[in-house]
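*Asks:* Keeping the supplied structure of chain X fixed, place chain W upon it in accordance with the hints.
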Amino acid sequence: MTEKVLSKQNLNIFINTLLSRGEEIVGVKKKEGKYAFGKIADAEEVCLDYDITLLPPSMYLLPQREALLKFNIAERPVASPVIEANPFILFGVHPYDIKAIELLDTAFSTDNLDTNYLSRREAATIIGVDCLNPNPNAFCPSMDTAFTDKGYDLLLTDIGDSYVIAIGSERGQALLKGCPDTQEATQVELKRKEEERQKALGQYKVALDTPLEKLPQLLDKSWNSSLWEERSEACLSCGSCVMVCPTCFCFDVQDDIELDLVEGERYRQKDACMLVDFAAVAGGGNFRDDKTSRYRHRMYRKGKYIMERFGKPGCVGCGRCASACLAEIASPAETFNLMRGESK
Amino acid sequence: MKPKIGFFDFTSCEGCQLEVLNFEGELVELLKLVDIVNFREAMTEKSDDYDIAFIDGAITTEAGISRIKKIRKQAAVLIAMGTCACLGGINCLKNFRTMEENLKIVYGDAAHYYDTIPARPVDAVVPVDYYLPGCPMNKDEFITLVKALLLNKKARLPNYPVCVECKLAGNVCVFEKGETCLGPVTRAGCKAICVTSGRHCWGCRGLVNDPNIDSEKEILQKHGLTTADILERFRHFNGYLEVSK
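Same order as they appear, the protein sequences are chains X and W. My numbering puts the first residue of the first sequence at 1, with every later residue one more than the last. My numbering puts the first residue of the second sequence at 1001, with every later residue one more than the last.
So here's chain W without its partners, still in its complex pose:
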């Protein structure tokens, strides 16, 4: 029997779900192996009978907490998909202001209609079985994970920094160009797409398991960033982590 899959969105731009729809060629192949039974962005039918849940987005409301708990109860496997679900992502920028301020900025006079709590990754609320970090998540990693689940194999994320893939891509180091980068502490798997495209790493895939933050901060400082700049850089995607506090 084909496993049943559901996609669920919380606070996010829903771009990671869009990525799934962008699979095109692979999507048809994928549908031979699994049934998608719940995918608001792509279909009208909805079923609460699913085995694997892909979660897009961070948890930012009390209602979100009870909803994710319900999904966790149903799903045999729960996967955090994209930076918001894995790390809290840019949603956590609001955690550095009071919730009242946030509501006022966004909703003005209508603020009292809404509920908001500090943003958090999915695993701050329920256990997560697998992670697909990245803004947006990476298509190859998604497919690799689905294949691993179907074959009952272990799927692992790279546990080395972006520098590995960046060097292999033949890039000139961002620091050598007089700019700064979070690549040395950020988990690889993106094939250093931002640096290859002429920018720097923003850290959207989160940190490697054992990052040398002190060394990275020292290097960033040596290349002109202040302590405040560094904090801001980490907070961009990693606001939920200790490194941003």
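Next up, chain X with everything else stripped away, as it sits in the complex:
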């Protein structure tokens, strides 16, 4: 598809037009010197030159907590599914987060279809933006997530006074029809886009020493490494790394009942393998009751298990975990590089 160009000023008009039409837009806003996704009320709030958000946008597709069914346990118990999915626009998603969403798409449509996730996904329009200002802990080029040519409806690239817009779907094209100010992108503008992207690639400070496709083999050899214990010694089991991760999709399912003890709901909420009770089972056992085995398990999820099961890496290199970890042990790139150093 041909690419378009829109001036920055007109993009703001476009956003406000969408808002006045009643579209719900979730975009990136400033928050105490950082950035966070949130509901947009005016185009002025939207930040498109951010480095990273505190929490990933995938939480709008897989909420931290959501009802799965409502039940009533009166004499004749009944239960009915709850599926909440209202159309909305996820605005300003970086390519690594788009790729993380693609992983969730695969995970939630493999074997059992997850209706709750897939309905919300279908309701979401994704407008991406190239990350030209990477987080110091990010290693996206190593994970093949610095750029993407799919997974979005529209994708913007900042070329100075305007944005080049790539159209990724019919939905995206239809949305742009409401924006009469777009022009066909010229060769010069497309060249500038390429230059901006190249410049961004030069800014990453962390890189994997192992080719992405060789990670599972590297980990195959590393199971008994003493580095796991050394690295995890300072682990607080605080879950920060997994709470901010865009590819972590594990959840726990519980029932909650009203004070009438009749009506209630079954819900799922975020759960994660770095938490002590994650692998606890009935009878008091726990498959991973020490921090070393939890730490190693997470790294295997990121570099091996997910890739082998879904054909996509379980880590997109965004660097959120490394930024959030007080013990400074969470970066998969750093860990994999240490393993690689040891296996040489």
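Any given hint could be a false lead.
So the derived list for chain X, only partly shown, Cβ under 7 Å to chain W, looks like this [as the list claims (entries may be wrong)]: (1) 32; (2) 34; (3) 36; (4) 54; (5) 234; (6) 253; (7) 257; (8) 275; (9) 276; (10) 277.
These aren't lab readings, by the way, just hints derived from the structure by calculation. Computed from a predicted structure; not experimentally measured. Built from N, CA and C at the ideal position, the CB exists for glycine as well.
*Replies:* Chain W in isolation, oriented as in the chain X frame:
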């Protein structure tokens, strides 16, 4: 038959009992399920015939020891409610001075009229069946526990640190703002209310089951606290625990 509930106060600010009265909407619903038969802060009638006892406050006197033992004998289920009852709480600050000093500071010349012993949590004296930590205790946890008891289900506290709820709340980490926090070792369940409100975690809900204290201390030191600062920070609510000694 509706279970009979009693609320009993020991050494505390009684704020946790006040929390119960703050339930408003839920209180009416709750009273359809249980009978409150003893609640000094809320009613005049008193009965010693109860099934479930909620204990507010730490044990800090010899008289308190015999009273809590009597309550334990009567109650089929005994619940420690709030940080003072669960952990000893701020009452344990006095444990770092002699009892004579404490009495003199507080009562001056009248010190000899009073009895005081080192403060301790309820479970240092009698077995406790359930805990509702927090300063004050958390309303949702209270209701969840009562529902679980009525349905004969197990009620469990979160066994992960405040960081989990803090991250999910979308907060900027306290350490990134140049301050320090006990969140990484403190039991969650408060939805990180203090950090969300712009402060740091003081540890009022006690420690998680298997806290990495060494790592937390190292991180606090790296962020500027001295060993004495760290001790003081833990003693604020967790003075009864090993970590504060």
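*Asks:* Work down the list of hints and note, for each, if the structure agrees.
*Replies:* The hints, checked one at a time:
1. The restraint placing residue 32 (chain X) at the interface with chain W holds, with a minimum CB-CB distance near 5 Å, inside the 7 Å limit.
2. Using the Cβ-Cβ criterion of 7 Å, the hint placing residue 34 (chain X) at the interface with chain W is satisfied: the shortest such distance is roughly 5 Å.
3. The restraint placing residue 36 (chain X) at the interface with chain W holds, with a minimum CB-CB distance near 5 Å, inside the 7 Å limit.
4. Annotation: interface hint on residue 54 (chain X) holds; nearest CB of chain W at approximately 6 Å, less than 7 Å.
5. Restraint check, residue 234 (chain X) versus chain W: the minimum CB separation of about 4 Å is within 7 Å; hint holds.
6. The interface hint given for residue 253 (chain X) is violated, since its Cβ lies 15 Å from the closest Cβ of chain W, which is over the 7 Å cut-off.
7. Nearest Cβ of chain W to the Cβ of residue 257 (chain X): about 6 Å, under the 7 Å cut. The hint holds.
8. About 5 Å separates the beta-carbon of residue 275 (chain X) from the nearest beta-carbon of chain W, less than 7 Å, and the hint is met.
9. Checking residue 276 (chain X) against chain W by beta carbon gives a least distance of about 6 Å; that is within 7 Å, so the hint holds.
10. With a cut of 7 Å, the hint placing residue 277 (chain X) at the interface with chain W holds, because the nearest CB-to-CB distance is about 5 Å.
The structure fails to meet hint 6 from the earlier list, while all remaining hints are met.
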